[in-house]
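J.: Here is what each chain is made of, one letter per residue.
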Amino acid sequence: MELWIIGNKAGLLAYMIAVSFTLNSTDHPWFTLACLLYVCLNIAIPIFKRSDPKVLLSVASAVFTFICAYLLNPAFILLLPVNLYELTWLFGGRKISFALASLLPIPFVSSGLIPLYLLTTFLSLLLFGFGWQSTEKLHRAKTEQEKMREELHKLTRSLDDNNEYIRQSEHTIKLEERSRLSQQIHDDIGHAMAGALIQMEASKRLLATDPDKAAELLHNAISISKEGLERIRLTLKDLKPRSEELGINRLRLIADELSAKHTVRVTLSHEGNIDVITPIQWKIIQGNAIEAITNSLKYGKSSSIHIEVQVLNKFVKTVVTDNGIGADKVVKGLGIIGMEERAASVGGTVIADGTKGFSVTTLLPRGV
Amino acid sequence: MNILNVALKEIKSATRERRTLLFMLAFPIVLMLILGTALSNVFSGSAIVGEMQLLYKITANEPQLTQSWQSFSQEIERQGIKIIPAEAGMNGQDLVKDGQYSAYVELESDGMKFYGSSKQSIESNVLQGMLTAFADRYNLAASAIKSAPSEAKAVMESIQSNDEFVNETSLDPDKTPGAMDYYAISMTTMIALYSALSGSFLFRSERTRQTAIRLMAAPISKGELFAGKVIGCTIINLLCVSIIILVSKFAFHANWGDHMGLVFLILTAEVLLAVSLGLGVSYLVQGEKSRSVIMIFTQIASFVGGAYFPVGDSDSIMGIVMNLSPLRWANEAIMNLIYSDDVLGAWPTIGINVAIAAAFLLISALIMRKREAL
Amino acid sequence: MNVLEIRNLTKKFGDFIAVDNMSLNIREGEIFGFLGSNGAGKSTTINMISSLLRSTKGDIEVLGRNIATNGKFAKMNIGIVPQDISIYENMTSYENVSFFAGLYGLRGNLLKERTEEALDFVGLGDKAKSFPKNFSGGMKRRLNIACAIAHRPKLIIMDEPTVGIDPQSRNYILNSVRKLNEMGCTIIYTSHYMEEVEEICTRIAIVDHGKIIADGTKEQLKAIITDTKNIWIEIKATDSPSIDSLKQIQGVITAQLEDNTIKINSKGEINNLNRVIQQLIKDGIEIRSVEEQAPNLETVFLTLTGRNLRD
Chain A
1 MELWIIGNKA GLLAYMIAVS FTLNSTDHPW FTLACLLYVC LNIAIPIFKR
51 SDPKVLLSVA SAVFTFICAY LLNPAFILLL PVNLYELTWL FGGRKISFAL
101 ASLLPIPFVS SGLIPLYLLT TFLSLLLFGF GWQSTEKLHR AKTEQEKMRE
151 ELHKLTRSLD DNNEYIRQSE HTIKLEERSR LSQQIHDDIG HAMAGALIQM
201 EASKRLLATD PDKAAELLHN AISISKEGLE RIRLTLKDLK PRSEELGINR
251 LRLIADELSA KHTVRVTLSH EGNIDVITPI QWKIIQGNAI EAITNSLKYG
301 KSSSIHIEVQ VLNKFVKTVV TDNGIGADKV VKGLGIIGME ERAASVGGTV
351 IADGTKGFSV TTLLPRGV
Chain B
1 MNILNVALKE IKSATRERRT LLFMLAFPIV LMLILGTALS NVFSGSAIVG
51 EMQLLYKITA NEPQLTQSWQ SFSQEIERQG IKIIPAEAGM NGQDLVKDGQ
101 YSAYVELESD GMKFYGSSKQ SIESNVLQGM LTAFADRYNL AASAIKSAPS
151 EAKAVMESIQ SNDEFVNETS LDPDKTPGAM DYYAISMTTM IALYSALSGS
201 FLFRSERTRQ TAIRLMAAPI SKGELFAGKV IGCTIINLLC VSIIILVSKF
251 AFHANWGDHM GLVFLILTAE VLLAVSLGLG VSYLVQGEKS RSVIMIFTQI
301 ASFVGGAYFP VGDSDSIMGI VMNLSPLRWA NEAIMNLIYS DDVLGAWPTI
351 GINVAIAAAF LLISALIMRK REAL
Chain C
1 MNVLEIRNLT KKFGDFIAVD NMSLNIREGE IFGFLGSNGA GKSTTINMIS
51 SLLRSTKGDI EVLGRNIATN GKFAKMNIGI VPQDISIYEN MTSYENVSFF
101 AGLYGLRGNL LKERTEEALD FVGLGDKAKS FPKNFSGGMK RRLNIACAIA
151 HRPKLIIMDE PTVGIDPQSR NYILNSVRKL NEMGCTIIYT SHYMEEVEEI
201 CTRIAIVDHG KIIADGTKEQ LKAIITDTKN IWIEIKATDS PSIDSLKQIQ
251 GVITAQLEDN TIKINSKGEI NNLNRVIQQL IKDGIEIRSV EEQAPNLETV
301 FLTLTGRNLR D
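Chains as they are written, first to last, in this note's numbering: chain A, 1 to 368; chain B, 1 to 374; chain C, 1 to 311.
The hints are simulated quantities; they were obtained by calculation from the structure and are not laboratory data. From the three backbone atoms N, C-alpha and C, an ideal C-beta is built for every residue, glycine too. One or more hints might be untrue.
Claimed, not checked - FRET-style restraints, in silico, Cβ to Cβ: (1) B:11 with C:164: 29 to 35 Å; (2) B:11 with A:115: 35 to 41 Å; (3) B:310 with C:164: 55 to 61 Å; (4) A:59 with B:288: 39 to 45 Å.
Generate the whole structure from the sequences, applying the supplied hints.
T.: What follows is the structure, given as structure tokens:
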């Protein structure tokens, strides 16, 4: 932008000098001095980083050109608007003030110069307008880029965190399961097997001497083994957690916890056969519900939140509604995008609607 | 091919707009008729000269002068001018100011002092001319007497004998525009400028009628649509202009000169300018506002451009404003073409019109390209 | 063959996402219905298909060619019936149709032929020389359609073509849509009127907040909610029907008597109401009223989005 301004000024100055020379070749030393001074003043402007000296210099230059226009050569007035634009720009003026700045000096322009003045002013205005717009655009793009980079960073970090968490929890779960399994095997099956083994051992010894007793012992061993086998089956069956335990109860737990922690009332209802909801689906439903409730608490200014899980013929629908202010236009933030991604992993969709309070509907297809 | 299609449709639908068409045709013709007849004497070549009364006073004490004056006054009295000597105590200047006399002259030894009436400007001008002639000849005679007294007599006689104190050299009366001629031109150029209105409607009407949707969905490029519309609109407006020219030429006998082709070319350029201007404004200014902007512009341009009354040259700000009106450019170019045969002068006007038109068309085309819809 | 293929189509207006990553295929010969409330993104999608709007992201292919690179090809094969009546009031019906058809490259006798054909098709053959400003709403709507079909497009997009017209005109238009479909046109149809969509569309997509929530035939959509229906039969209080024999009827899942109403829950796809009634009559039961409760598209929409279609 500053280069453009310098270019603008240089062009105008050159033009003014050329015109002054061709029109009245009375080579005035004062004129040359004034031009040089103008150059000095204006070259100094971009050197400063802070805006105060810039403004000072620009004002000085404007006053200087004005005086020169009066005392030396009226053509100096042509240089004035650029300084005025520059000032408006430095003060962060609006578009209209640019136009005003260009019109301000008109009463002081000698009548012969008016068309020329208008032309140069207009051209400079165009240049400034363009430059200004481009700078703004660049600035906006930069901020946006910055924001996006930040978001990206945040996302990557949360992804890393999640991955780490998943890895760890998998590990813990494995360990826990292994110890539970070994404990149970040791406690139940181990004892049974040992008992059966002893009885079978005894029956082997008695086989020749007391076949009746041996048969009895063997019978015992068989029944103990049977029992053990049944235990094994039971144990293994027990290992598989009941999905409902994770599902609706977990969700209820979340609701209760939030109700207790915050001033909102969180209620939960369900409809249809919730047994058909797979653990993965429950996980998604929980994740989205927590996210939606967090959003409601953060932005919604609501006093009550309702979670509804409904099992339809082909879909599982979860709706989290609040009675808050909602939003006329839903602007997708990270939260909603996250929910969408979660749902999309099993082929589902998320609808966020802000017309009556705020509601987030997660639709997951069944049988996936 | 599609361009032609769009242009034809544009012309067809314009001819259906009876009211607009009627306005474009009847408005200038009626105005032409009213202004052309009502203001005819403002433009008329002959002015009625009233009774001329010259009050004079001789303060110089020169018999030669008095004698010459007497013969001069006899001479001009014969032409119907009343010469009245000022009585003592009369203030000639005041009397002229009051309008009792056309002019007052004081003959002094070192010259004549002339006071003309501003109320009877034509009369006082005539008198001033006569007196200037008299003074010249008297000076000639006076110097002749000093240098060659023998010839002075002949000179003196010539003063007395020649009654042609005023030589009439008039411009060719056919070479100045009468009221009807003037208004025929100015109304035609004005209505040409009104094409800006239809230009501003070109795309706005498509938007309001929702037909823009269909046009956008059709396999026709925005460029073709744009060109077709501009061409169609220019043609239909040019048609209006031609009708007005023909009506004024044959019904009102307005003088359109010998360069009809070039006149038509100037008007074509002006219509093109107006259409592009309207189009450009309809893109630059949103919605209903563009209509008002065009309305105000055409009204002001018509007014300062001399559509309703002729405007003179002026160097003031007003002059600059006047010269900004496209109407004035066209009017001047056509006037010069008709009355001064200034063929070359027409081209810059055509050029500037076409250049501005091109600029506006370019702006509109750019905005249109950028927009998603029409 | 896919007449229309949309992949990951997105349209943003500033921050607002009007169409959100939409993907969709429309096959030849379908009458495809877009169902959604105002501002759901139907019109935006349609406008992008007909090149009125540029997409922010994603691809649209018409007859296998991308409209971004083959815009003219797509336009030649699409006919659009805009939601707002889009005709010139100061030109006759004939001139209207002829002008728009002319934009598609039709000339001379062919143009004349097709224009007359289109006008006849919508039943305005005798109004060719009349000006639309004297037309009724229904006639304008029909002319609106004629302007879109004269160039014989493969894909016709109709955006609410029946808004604000009398039932007779509506029936005419619905029949025209079917006829066009029989003639080989693929049709995209949007409407507020659930019944219309249910009546003529072979496939329906439910659109909300710029996303397609579900799509399929109307039966498939209804099956999303439930695949059963309820039949409630009110009988004379003193009668005692044999519930067991009702349970034997094909498709019936449960049947029970509450007060004087038999409540039957049955598989949705089996039409067994006749047999239930026959059975009751055979048993000498006096029937007071019969009510069948099956979900319609309105309930499907309401259940999936939580809102009414006309909100």
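J.: Of the numbered hints stated previously, which ones are contradicted by the structure, given in increasing order?
T.: Of the numbered hints given earlier, the structure breaks none, since each of them holds.
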